[in-house]
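**Q** Line by line, the protein sequences are chains A and B.
First residue of the first sequence: 1232, per the working numbering; consecutive thereafter.
First residue of the second sequence: 30, per the working numbering; consecutive thereafter.
Calculated directly from the structure, the hints in this document are not laboratory data.
Hints should not be assumed to be uniformly reliable.
Distance condition first, Cα-Cα at most 25 Å in a straight line; then the derived DSS-like pairs of lysine-lysine [claimed, not checked]:
hint	chain 1	residue 1	chain 2	residue 2
1	A	Lys1526	B	Lys79
2	B	Lys123	B	Lys159
3	B	Lys123	A	Lys1250
4	B	Lys250	B	Lys56
5	A	Lys1439	B	Lys250
6	B	Lys75	A	Lys1526
7	B	Lys56	B	Lys214
8	A	Lys1238	A	Lys1439
9	B	Lys75	A	Lys1439
10	A	Lys1526	A	Lys1250
11	A	Lys1439	A	Lys1526
12	A	Lys1238	B	Lys123
13	A	Lys1250	A	Lys1238
14	B	Lys94	B	Lys123
15	B	Lys79	B	Lys56
16	B	Lys94	B	Lys79
17	A	Lys1439	A	Lys1250
18	B	Lys94	B	Lys56
19	A	Lys1439	B	Lys79
20	A	Lys1439	B	Lys123
21	B	Lys75	B	Lys94
22	B	Lys56	B	Lys75
Calculated from the model, a selection of chain B residues having no Cβ within reach of chain A, i.e. all distances over 12 Å [what the hints assert, rightly or not]:
hint	residue
23	Gly86
24	Met92
25	Lys94
26	Gly170
27	Arg179
28	Asn213
29	Arg226
30	Gly252
Please read these numbers as outputs of a predicted model, since none were measured by experiment.
Think of the CB as a built atom: it goes at the ideal place given N, C-alpha and C, for glycine as much as any other residue.
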Amino acid sequence: MRPSTIKYLLREGLSGLRKNLLMTMASVVAVAACISILSFSYCVGSNLRHMLHQMEDSIGISVFLNGDLSGEEIETMKTEIGKIDHVVDVEYISPRDALDALKKEWGADEDIFEGLDDSNNPLSHSFQVSLDTIENQSSVLRVLQGMDGIDSIRHGQTETEFLLKVNRVFRVSSILVMLILGVISVMIIMNTIRISVANRRVEINIMKYVGATDWFIRLPFVIEGVIIGLIGAIIPLLLGMPIYAKIISAIYAYIPVIKFVQFRLMGEVFRFLLPFGVVFGGALGVIGSVTSIRKHLRV
Amino acid sequence: MIHLNNVTKTYPNGSVGVEGINLHIQKGEFVFIVGSSGSGKSTLIKLLLKELDPTSGDVMINMVKTNELNRSQVPYLRRNLGVVFQDFRLLPNKTVYENVAFAMRVIEAPSRTIRRNVPAVLSLVGLGQKSRSYPNELSGGEQQRTALARAIVNNPPILICDEPTGNLDPETARGIMQLLDDINKRGTTIVMATHAREIVDEMQKRVVTLQDGHIVRDVEKGGYSDEA
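Just chain A, with the same shape it has in the complex:
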């Protein structure tokens, strides 16, 4: 295609948008709403997943053993637990290791543990069990609860389940809302393009008679749709970046307890979201304009 042809098609596409400004704006707003929801659900969803990953790394399952087990029995148990499905690692923690870890954790206040040594250490033998994914925690727990020699088990089951449930509900509902908004955007774009086609009836008619190809006649309208989609995507995405950063720092500032949870950085989130959102917006534009052309542009 000649550069002059490309310039011509772009100019025609833009002029179509200008002549039809109100509908253009309505379409941009519809796409922007869709992309906003997409961005919002991606931000929340990716942070939820991020938290779940952190929990996988940090929580795991702590298994505390009865005090009367021999070294050999402990060794056997370690092997058995290691054989459970979804268990990736079992680490043995002796009472002394546990005591050292406690002292370290308390730092300057470690003197409260003074007088405790191997002979009177009240802590028990334990295993730190790591899993492949957090979703499998409950099945592993079931097996552990059936084993002998275990005094108690500590795990983040309720928190995990809650987060998993939130994540699932959130994912399903945001996909639904996005689909509905996507369909609405496509329909509004279709209508905008339909009006644009009607505005240019005479032009299309002449183009047809002088032998313009079908695609030459259609392209300005596709360009219109793509421009609508891109503008509708870029605006909420660019606005979304500082808003995301502000919200995260506000959460850290006002809810100090939350500090142990790490949110994803703006750069991490938008590295994926920005290109994906732009492509998605452009795709809405193409779908809207092409369907409209198929319906309303007889060439």
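Using the hints provided, position chain B relative to the given structure of chain A.
**A** Structure of chain B alone, referenced to chain A:
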């Protein structure tokens, strides 16, 4: 150049546009298609432009059977055909120059060719001085000259005119006919559907008369009807 072999067009509602038409037009001819309203003139023009396909028979233009072309080939067929309508069909927001250049631009002609050919064709139709005017600043005759310039700027071998003088006063119409005659003398085949008895009588060209979808008369150099 143009061959219609036993062409019939029946519309979906059952009415007959044309029936059993055999018409052969050679390169460089000037042919009037005359007949009253409903005689089949419009159907014939639409068949030539491939706006309609025949129900039976063949339409051949430039050795190509148009009824066998697929959609993507139609634009290339139409580049062989210039078209002029009664209602001019100019783009009101474009100047005379831009209206003519538009026809070249949409078939992706190089900018340099556009800059060379548009002024040449505008001076040929006598609008060299009006290239910056908008259609609403032109008289009917000037608008039709613009439409003519647009129709011939891509040098089509065939020019199809559907009542080109229908909206013009007799004097202006005569000027347009003079122009069409000049274009014809440069080698362009012209097919013109018209009601204008005086013009046909004056020009003394080939006249094909349609009635109820049939060709009832075809004379080499004649008037609108036999009485003339």
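**Q** Can we trust that Arg179/B is non-interface, i.e. its beta-carbon lies farther than 12 Å from all of chain A?
**A** Non-interface label on Arg179/B violated, nearest chain A Cβ at 7 Å vs cutoff 12 Å.
**Q** Lys94/B clear of chain A by more than 12 Å, beta carbon to beta carbon?
**A** 18 Å, holds
**Q** Can you confirm whether the C-alpha distance between Lys1439/A and Lys250/B stays at or below 25 Å?
**A** 34 Å, violated
**Q** Does Lys1526/A sit within 25 Å of Lys1439/A, going by the straight-line distance between their CA atoms?
**A** 17 Å, holds
**Q** Do the alpha carbons of Lys75/B and Lys94/B lie within 25 Å of each other, as the hint requires?
**A** It holds: about 15 Å lies between the C-alpha atoms, which stays within 25 Å.
**Q** For the pair we were handed, Lys94/B and Lys56/B, check the Cα-Cα distance against 25 Å.
**A** 17 Å, holds
**Q** Could you let me know if the closest chain A CB is still more than 12 Å away from the CB of Gly252/B?
**A** Answer for Gly252/B: holds, closest chain A Cβ roughly 30 Å.
**Q** If you draw a straight line from the CA of Lys1439/A to the CA of Lys79/B, is it 25 Å or shorter?
**A** 11 Å, holds
**Q** Can the restraint linking Lys1526/A and Lys79/B be considered satisfied, given a maximum Cα separation of 25 Å?
**A** 21 Å, holds
**Q** When you check the alpha-carbon spacing of Lys1238/A and Lys1439/A, does it fall within 25 Å?
**A** 20 Å, holds
**Q** Is Lys123/B within 25 Å of Lys1250/A, Cα to Cα?
**A** 15 Å, holds
**Q** With the threshold set at 25 Å, check whether the alpha-carbon distance from Lys56/B to Lys75/B stays at or below it.
**A** 20 Å, holds
Taken one by one, the earlier hints fail for this structure at numbers 5, 14, 27, listed in ascending order.
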